[in-house]
Amino acid sequence: DGEKYVLVSHAPDSDSWWNTIKNAIALAGEQMGVEVEYRNPPTGDIADMARIIEQAAASGPNGIITTLADYDVLQQPIKDAVASGVDVIIMNTGTGEQARELGALMYIGQPEYDAGLAAGQRAKDDGIGSFLCVNHAIQQPTLAQRCQGFADGLGIELGSSMLDSGIDPAEIKNRVMAYLSANPDTQAILTLGPISADPTLLALEENGMAGDIYFGTFDLGDEIVKGIKSGVIKWGIDQQPFLQGYLPVVFMTNYHRYGVLPGNNVNAGPGFVTAENLDLIEEFAGEYR
Amino acid sequence: MGSHTAPIIQMSRIEKHFGSVIALAGVSVDIFPGECHCLLGDNGAGKSTFIKTMSGVHKPTGGEILFEGKAMNFTCPRDAISAGIATVHQHLAMIPLMSVSRNFFMGNEPQKKFGIFKFFDHGFANKVTMDEMRRMGINLRSADQAVGTLSGGERQTVAISRAVHFGAKVLILDEPTSALGVRQTANVLATIDKVRKQGVAVVFITHNVRHAMAVGDRFTVLNRGQTLGTAMRGEITPEELQDLMAGGQELVALEESLGGTV
Amino acid sequence: MGSHTAPIIQMSRIEKHFGSVIALAGVSVDIFPGECHCLLGDNGAGKSTFIKTMSGVHKPTGGEILFEGKAMNFTCPRDAISAGIATVHQHLAMIPLMSVSRNFFMGNEPQKKFGIFKFFDHGFANKVTMDEMRRMGINLRSADQAVGTLSGGERQTVAISRAVHFGAKVLILDEPTSALGVRQTANVLATIDKVRKQGVAVVFITHNVRHAMAVGDRFTVLNRGQTLGTAMRGEITPEELQDLMAGGQELVALEESLGGTV
Amino acid sequence: MGDATQASPLQDERVKKISPFRKALIRPELGGIVGTIAVFTFFLLFAFDSGMFSSQGIMNWSVVSAQFMVIAVGACLLMIAGEFDLSVGSMIGFAGMLVAIFGVTMGWPMWAAILVTFAICVTIGALNGWIVVRTGLPSFIVTLAFLFILRGLTIFLPQTIERKTIIGGIRDAAEGDWLGALFGGKILGGLFRWLADAGLIGVFDRGARAGEPVVDGIPMLIVWALALVVFGHVLLTRTKFGNWIFASGGDPEAARNSGVPVAKVKILMFMFTAFCATVFAICQVMEFGSAGADRGLLKEFEAIIAVVIGGALLTGGYGSVIGAALGALIFGVVQQGLFFANVESSLFRVFLGVILLGAVILNTNIRRIITGER
Amino acid sequence: MGDATQASPLQDERVKKISPFRKALIRPELGGIVGTIAVFTFFLLFAFDSGMFSSQGIMNWSVVSAQFMVIAVGACLLMIAGEFDLSVGSMIGFAGMLVAIFGVTMGWPMWAAILVTFAICVTIGALNGWIVVRTGLPSFIVTLAFLFILRGLTIFLPQTIERKTIIGGIRDAAEGDWLGALFGGKILGGLFRWLADAGLIGVFDRGARAGEPVVDGIPMLIVWALALVVFGHVLLTRTKFGNWIFASGGDPEAARNSGVPVAKVKILMFMFTAFCATVFAICQVMEFGSAGADRGLLKEFEAIIAVVIGGALLTGGYGSVIGAALGALIFGVVQQGLFFANVESSLFRVFLGVILLGAVILNTNIRRIITGER
Ligand SMILES: Nc1ncnc2c1ncn2[C@@H]1O[C@H](COP(=O)(O)OP(=O)(O)OP(=O)(O)O)[C@@H](O)[C@H]1O
Ligand SMILES: Nc1ncnc2c1ncn2[C@@H]1O[C@H](COP(=O)(O)OP(=O)(O)OP(=O)(O)O)[C@@H](O)[C@H]1O
Ligand SMILES: [Mg+2]
Ligand SMILES: [Mg+2]
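The listed protein sequences derive, respectively, from chains A, B, C, D and E.
Start counting the first sequence at 1; every next residue gets the next number (the working numbering).
Start counting the second sequence at 1001; every next residue gets the next number (the working numbering).
Start counting the third sequence at 2001; every next residue gets the next number (the working numbering).
Start counting the fourth sequence at 3001; every next residue gets the next number (the working numbering).
Start counting the fifth sequence at 4001; every next residue gets the next number (the working numbering).
Since the hints were derived computationally from the structure, they do not count as laboratory data.
Positions of the beta carbon are idealized from the N, C-alpha and C atoms, including for glycine.
Errors might be hidden in some of the hints.
Heads up, simulated EDC-like pairs for lysine to aspartate or glutamate below, C-alpha to C-alpha not over 16 angstroms straight-line [claimed, not checked]: (1) B:K1059 - B:E1015; (2) B:K1197 - B:D1217; (3) C:K2194 - C:D2217; (4) E:K4264 - C:D2079; (5) A:K124 - A:D152; (6) C:K2169 - C:D2030; (7) E:K4164 - A:E157; (8) A:K4 - E:D4049; (9) A:K79 - E:D4216; (10) E:K4164 - A:D152; (11) E:K4186 - E:E4175; (12) A:K79 - E:E4212; (13) A:K226 - A:E276; (14) A:K4 - A:E35; (15) E:K4240 - C:E2109; (16) A:K226 - A:E205; (17) E:K4164 - D:E3344; (18) C:K2059 - C:D2079; (19) C:K2169 - C:D2193; (20) A:K4 - E:E4344; (21) A:K226 - D:D3172; (22) A:K229 - A:E205; (23) D:K3240 - B:D1121; (24) A:K4 - A:D87; (25) B:K1169 - B:D1030; (26) E:K4240 - C:D2121; (27) D:K3264 - B:D1079; (28) C:K2197 - C:D2217; (29) A:K226 - A:E282; (30) B:K1127 - B:D1144; (31) B:K1169 - B:D1193.
Just some of the chain E residues that point at chain C, by a computed CB distance under 8 angstroms [unchecked claim]: (32) T4239; (33) S4258; (34) Y4318.
Beta-carbon label-pair distances, calculated as ranges [claimed, not checked]: (35) B:S1020 - C:K2112: 26 to 34 angstroms; (36) B:G1115 - A:E283: 53 to 61 angstroms; (37) B:G1115 - E:E4344: 49 to 57 angstroms; (38) A:G2 - D:L3115: 44 to 52 angstroms; (39) A:D212 - D:A3198: 25 to 33 angstroms; (40) A:N264 - D:L3115: 52 to 60 angstroms.
So here's chain A without its partners, still in its complex pose:
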């Protein structure tokens, strides 16, 4: 009892998507009677994240749960942690194969590129041939991978359809409007999370394209759920962050207590949320969904 775990993410301080994960590990910690801490590099600088993993290993926890936002940067600290006797589970970004190479117990999450690819294929089936990807954190490689996957799924060049929108809602809104008015034949919009989806919704409402343009998004939030319900958003890709936070804690605790561990990696996503399968989602969006 009272095992100590540290979850290290690559997200900057204010990334709201990670709230669900924070809530999930709090819940799991409570249920399992273990202590789980959340750590992240304040600016999202992955090199700083490597230091945090080193630091976490030095503080001697029972296990570390970490994302693998950049394999090159994070491999050494993770290997060191494993070598010094700390168990590691990879979550969120990365792949099962990479997890194995590093000596981690398992991988739980959604490979970003694959998720984008799946979404792109789905859109292609719906007859889409051009799109706009609203990237609110262009310097973060994981988000760009989603756009890249989407483009590949559609079978077109990413080219200049990825918009560096920044994170100010008014600027996102107006940049989207500006882009759409300069490229009126854009068929689809892909947003990468609530930060870019919420202002994009307003932009579409304001320029009258709401419901007209094909709109898909990653991750869920209050406004996104409303958008899906009203039909403005076709689908949201839910990678079920709750599971990505909750499961590693539960698995790790059980592994440490009883030596049991699932034999396979867990793919928490991608799951497509559409108007048909919204019910529980609506209630807990942003908190546990």
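Chain A is fixed; fit chains B, C, D and E with the ligands onto it per the hints.
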């Protein structure tokens, strides 16, 4: 003149320490209305420090200041100014990037009413500034000119005419003539003479014995943070004063080689 | 003295414009080795501007400068300094946060060798600084003291003794005595006298006729950006000089009321 | 004294003649004016048919510019008073979050939430100013500390209270609130309806709002921006207090010696900057309906950039509110224009940097001409 | 002259006596020294058994501090010379990306990639400096422009060349490269091996590296940090050039009039800052093997904070490299220590802000005592 009226400022046993430096080690001086009190002394004697305690810039470490008989406790220059003490500091109080007229009226802006709003009266300010500067013998190109484009002496003149214009009870001038030309110096000395006759107390710091003798009624000499005493006009010759100002040190060798021209 | 040797600096028809202001409208002056050349004139006459073109701070808008007979084209003060022109500017060239000795040797740091490396020789710098200042009549508490804690006159003295110490061919002093006490003034004048006798050309700007007459060999009066002419020592009386310096304007009224004390 | 004083103050042989036209041009705003003309000419030539100058497009860059203007006015007056504030961005996030916490989580009426938020933020501004004035530290450092502190609180508070860092539902909570409408609504809706009916502006021809005018009113944000610009400009140039602002920034020591209450002026300007940031934040949460912990990141730089493009001196004592407003306009138009003109969006920052550099170099040269520095 | 000059220069009645001990204490580094002692005392008391002072924990905060130190030395000298550089963070990202593009994408030998990167970055530093010196603009604005420009290029270049914002594989490319080893390797491996054998430091007890010491050498980053600190300190306090740096920052006009080549000094200091940023970047890519567009974000502030905590004056002319190094140490220890001490991570920034404020207030008071300002 002076001693038969009550002093307007009495400074007694003023001390001022800066960290480990003792700038003033107990200086007592009285200032009377209508007199020009000259403060003389060597470099670093503490003259500027002394008048800064008078004008609210420094708080003395020890000692007492009575203004019109009441203990005064200025916490900032604004208090001193509204009590009627105007000061022209050795290092000027001008803002280089601002226009001459904005500088002239800084802290005393003339206002014009528009309904319930009060606005800065630029027209009036420019006119007064041009007039006052012309009276000191300086022809400004325009009152809108930035002070930064004036020569050192021109700036000094702006500072002095500003202090005189807002006619105070006490006018403190810290080496006002040091950067001035002959004509401007004459104007300043004449101005001192004029305001003194209007009953204003003038404190005048200078290194120039002749300037001091020209307008001074009383002479206080500071030396290394202490006063060497105060003399009335007529009680002392320029030569004696000169000797005192040099801190009583031997000047014979120099005077010989230069023929008493200092 | 002067005219029978070749001039070390010849400035001819120097013009300098600042934006729309014409600070110098064609000034010609020759400077000879071993003479003290006094530059006099009203406030804003352009004296500082003129010597700044000489010391490489300003580039003249028009005109020609010959140094030791060759056309000279200083692009920065460093060029002038290495050519042998040392200047004490009116607005001081001291860094308040740096120690006195670092300031004293600024740009001329003494070095000590350690193998292939050269280091700043602090011990030597401190000693020289203390000595030089004492010679000018100022007892420093320590050469490590920040210049910002000195009084105005003390700083001025550091600047002058620095210029003198690095003995140049031409020494330019812009109102060096304006902030100085009697004793320090005497020292500065004596110093001017001394370096002149060593064959250095001295350019001395002042508003004080007596100081000028004490050490000057030749006197050039500037007025509103133009020269009113140059006079030799003995060719002119102090009264005439005073008149010229005031720009030829009427001083009668003033002189009467103040008794010729200016 | 004597006739010498008559010596032609009007005709001075030492001043070259300058035509009145050129003289009228020489003002701190000139850089901003030239920049504005240049920017508009450029985009009119190269992006005219991109929709940038349709009624919708105009509204688009106007709103972005108005946003910059609101914070630029505060930053401008503060900069002229000789200080600057790096905590503006964090203050925006913090203020928005406070409104959300008071109005949504704690369920207060929106007007109360807004008023209390203003009170808290302006007090923090005063604290900033008080520390700067009291300790004599550079405002860069003090406000940098508050940049961290406020951002930290903006993340910590909702995290502890609501278990998330975005709080939504503000629009619903503000429904029908009189004070909320001052920040969130639009005005002149009728006018635009009429313009659309008269065929002067377009109407939507597809989607849910087909038939409505594409622009349905002027957002309150723009009204706030204009009001603040006018207020700031009059305060600075036409009042006694304006003279004090210039003096405090130009040389605080000299100003204090002349009787200007420098400490008071600076603290008031810090409070005004905080006020502007709060206006920004509240307009934003009213429009978007949610407050997030990442709002306002880097806005402090954008405010400073707009002010500097507008001709103010970073070291204080010189500048103009009109200039700052034009700087904000330039900044907003360039930013949106690049998107209209379809410039590769990752190059956006490069352009921003280059334009910033060009604008300040232009300005400095203009100022040099004014003060005759060379 | 005469006997007056003998007047006791050693015994001055106008100076109060100060004990030599107190006098020895009064130096720019004092704030840093006091801060370091305070910080270590604090964490020794409250986080001793958290692993912070195990050999692995010590290496952790040492590396983080060394990182700050590398950029703080450059920022410190530049700040003393009267300027500062907001583009340090972007320069770090940019330099790393260049190495990756040259060394991986274009396949140059690593030493060539590193040397060319140094050349380019130092040139950009010189360009920064040249613009500042030439136009007389505040460095805040000029380097802010470069913050955007360099970050934009760091995103744009790999995006165009490689279609991603992260380039990996640098470690493989640097394998066996002599210059790469200068930045990426570790030294004194044998010593640590021996220490581990002697039982003085722990060994891994499982996994592939079981039996090896947990700390297997001192990273070159730490060596670089120490070397730069020593170099900077000697340059500043013991050479002629150091005097010029102080003079250029204290009053450029006065320094120029005294014959100090101020422009040259400032440009050189900008180049040195760029050099330090590049060292940082290359150590980072050599250690981690990849370059990303997000590297170095906000590092400019961290460098400035370390320098200011270390007692330098933001306005130039005063400061010490040793102080800056101690500032970096304090910053690194506090940052990592807060994690060790289990502080809620969203409160981290709040602490950072409070500590920054406390440190500078302490420092200012110390400086006031030194210069006797009050
Ligand atoms: N702020 C300060 N900090 C420390 N020492 C100071 C400060 N101000 C003045 N001093 C010291 O106090 C002494 C008196 O200085 P003060 O400026 O009053 O001299 P002064 O008589 O005005 O000289 P001068 O004729 O040169 O202007 C000097 O030795 C100076 O170094
Ligand atoms: N940088 C500048 N920009 C604009 N005008 C200037 C500048 N420097 C000087 N001037 C103008 O040039 C004229 C000459 O100035 P200068 O400083 O040379 O006078 P000066 O003879 O030294 O006067 P003083 O005896 O008062 O020191 C003045 O009218 C001044 O306003
Ligand atoms: Mg004095
Ligand atoms: Mg002059």
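Quick rundown of the hints versus the structure:
1. Restraint check for K1059 (chain B) and E1015 (chain B): satisfied, since their Cα atoms lie roughly 10 angstroms apart, inside the 16 angstroms limit.
2. Restraint check for K1197 (chain B) and D1217 (chain B): the C-alpha separation of about 12 angstroms stays at or below 16 angstroms, so the hint holds.
3. Under the criterion of a C-alpha separation no larger than 16 angstroms, the hint pairing K2194 (chain C) with D2217 (chain C) is consistent with the structure, at around 14 angstroms.
4. Distance hint between K4264 (chain E) and D2079 (chain C) is fulfilled; the C-alpha atoms sit about 14 angstroms from each other, no more than 16 angstroms.
5. The straight-line distance between the Cα atoms of K124 (chain A) and D152 (chain A) is roughly 10 angstroms, inside the 16 angstroms bound, and the hint therefore holds.
6. Of the pairs offered as hints, the one joining K2169 (chain C) and D2030 (chain C) holds, with about 14 angstroms between alpha carbons and a cut-off of 16 angstroms not exceeded.
7. A threshold of 16 angstroms between alpha carbons decides the hint, and for K4164 (chain E) with E157 (chain A) the separation of about 13 angstroms falls inside it, so the pair holds.
8. Note on K4 (chain A) and D4049 (chain E): the hinted pairing holds, with a Cα-Cα distance of about 14 angstroms set against a maximum of 16 angstroms.
9. Of the pairs offered as hints, the one joining K79 (chain A) and D4216 (chain E) holds, with about 14 angstroms between alpha carbons and a cut-off of 16 angstroms not exceeded.
10. Taken as a hint, the K4164 (chain E) and D152 (chain A) pair is honoured in the structure, with Cα atoms around 14 angstroms apart against an allowance of 16 angstroms.
11. Straight-line distance between C-alpha atoms of K4186 (chain E) and E4175 (chain E) comes to about 14 angstroms, which keeps the hinted pair within the 16 angstroms bound.
12. The straight-line distance between the Cα atoms of K79 (chain A) and E4212 (chain E) is roughly 13 angstroms, inside the 16 angstroms bound, and the hint therefore holds.
13. Our distance criterion of 16 angstroms between C-alpha atoms is met by K226 (chain A) and E276 (chain A), whose separation comes to about 13 angstroms.
14. Proximity of K4 (chain A) to E35 (chain A) is assessed by CA-CA distance (about 5 angstroms); at most 16 angstroms being required, the pair is judged to hold.
15. Between K4240 (chain E) and E2109 (chain C) the CA atoms are separated by roughly 6 angstroms; this keeps the pair inside 16 angstroms, and the hint holds.
16. The straight-line distance between the Cα atoms of K226 (chain A) and E205 (chain A) is roughly 13 angstroms, inside the 16 angstroms bound, and the hint therefore holds.
17. Taking the CA atoms of K4164 (chain E) and E3344 (chain D), the gap is about 15 angstroms. The hint holds against a cut of 16 angstroms.
18. Proposed proximity of K2059 (chain C) and D2079 (chain C) is supported: the alpha carbons are some 12 angstroms apart, at most 16 angstroms.
19. For the hint pairing K2169 (chain C) with D2193 (chain C), the CA-to-CA distance comes to about 14 angstroms; that is within 16 angstroms, so the pair holds.
20. For the hint pairing K4 (chain A) with E4344 (chain E), the CA-to-CA distance comes to about 15 angstroms; that is within 16 angstroms, so the pair holds.
21. Of the pairs offered as hints, the one joining K226 (chain A) and D3172 (chain D) holds, with about 14 angstroms between alpha carbons and a cut-off of 16 angstroms not exceeded.
22. Among the hinted pairs, K229 (chain A) with E205 (chain A) is consistent with the structure: their alpha-carbon atoms are about 15 angstroms apart, no more than 16 angstroms.
23. Taken as a hint, the K3240 (chain D) and D1121 (chain B) pair is honoured in the structure, with Cα atoms around 9 angstroms apart against an allowance of 16 angstroms.
24. Proximity of K4 (chain A) to D87 (chain A) is assessed by CA-CA distance (about 11 angstroms); at most 16 angstroms being required, the pair is judged to hold.
25. A C-alpha spacing of about 14 angstroms is found between K1169 (chain B) and D1030 (chain B), which places the hinted pair at or below 16 angstroms, so the restraint holds.
26. Between the alpha carbons of K4240 (chain E) and D2121 (chain C) the distance comes to roughly 9 angstroms, so the proposed pair stays at or under 16 angstroms and holds.
27. Proximity of K3264 (chain D) to D1079 (chain B) is assessed by CA-CA distance (about 14 angstroms); at most 16 angstroms being required, the pair is judged to hold.
28. A threshold of 16 angstroms between alpha carbons decides the hint, and for K2197 (chain C) with D2217 (chain C) the separation of about 12 angstroms falls inside it, so the pair holds.
29. Our distance criterion of 16 angstroms between C-alpha atoms is met by K226 (chain A) and E282 (chain A), whose separation comes to about 8 angstroms.
30. At most 16 angstroms may separate the alpha-carbon atoms for a hinted pair to count; K1127 (chain B) and D1144 (chain B) meet this at roughly 11 angstroms.
31. Distance restraint check for K1169 (chain B) and D1193 (chain B): the Cα-Cα separation of roughly 14 angstroms lies within the 16 angstroms cut-off, and the hinted pair is therefore satisfied.
32. The restraint placing T4239 (chain E) at the interface with chain C holds, with a minimum CB-CB distance near 6 angstroms, inside the 8 angstroms limit.
33. Interface restraint check: S4258 (chain E) against chain C, minimum CB-CB distance 4 angstroms, threshold 8 angstroms, status holds.
34. Because the smallest distance between the Cβ of Y4318 (chain E) and any Cβ of chain C comes to about 5 angstroms, under 8 angstroms, the interface hint for this residue holds.
35. Under the hint 26 to 34 angstroms, the C-beta atoms of S1020 (chain B) and K2112 (chain C), about 30 angstroms apart, fit the expected range.
36. At roughly 58 angstroms, the beta-carbon separation of G1115 (chain B) and E283 (chain A) lies within the given 53 to 61 angstroms, and the hint holds.
37. At roughly 55 angstroms, the beta carbons of G1115 (chain B) and E4344 (chain E) sit within the given window of 49 to 57 angstroms.
38. Checked against the hint of 44 to 52 angstroms, the C-beta distance between G2 (chain A) and L3115 (chain D) comes to roughly 47 angstroms, which is consistent with it.
39. As the Cβ distance of D212 (chain A) to A3198 (chain D) is approximately 26 angstroms, the hint placing it in 25 to 33 angstroms holds.
40. For N264 (chain A) and L3115 (chain D), the hinted distance range of 52 to 60 angstroms is satisfied, since their beta carbons lie about 57 angstroms from each other.
The structure agrees with every numbered hint stated previously.
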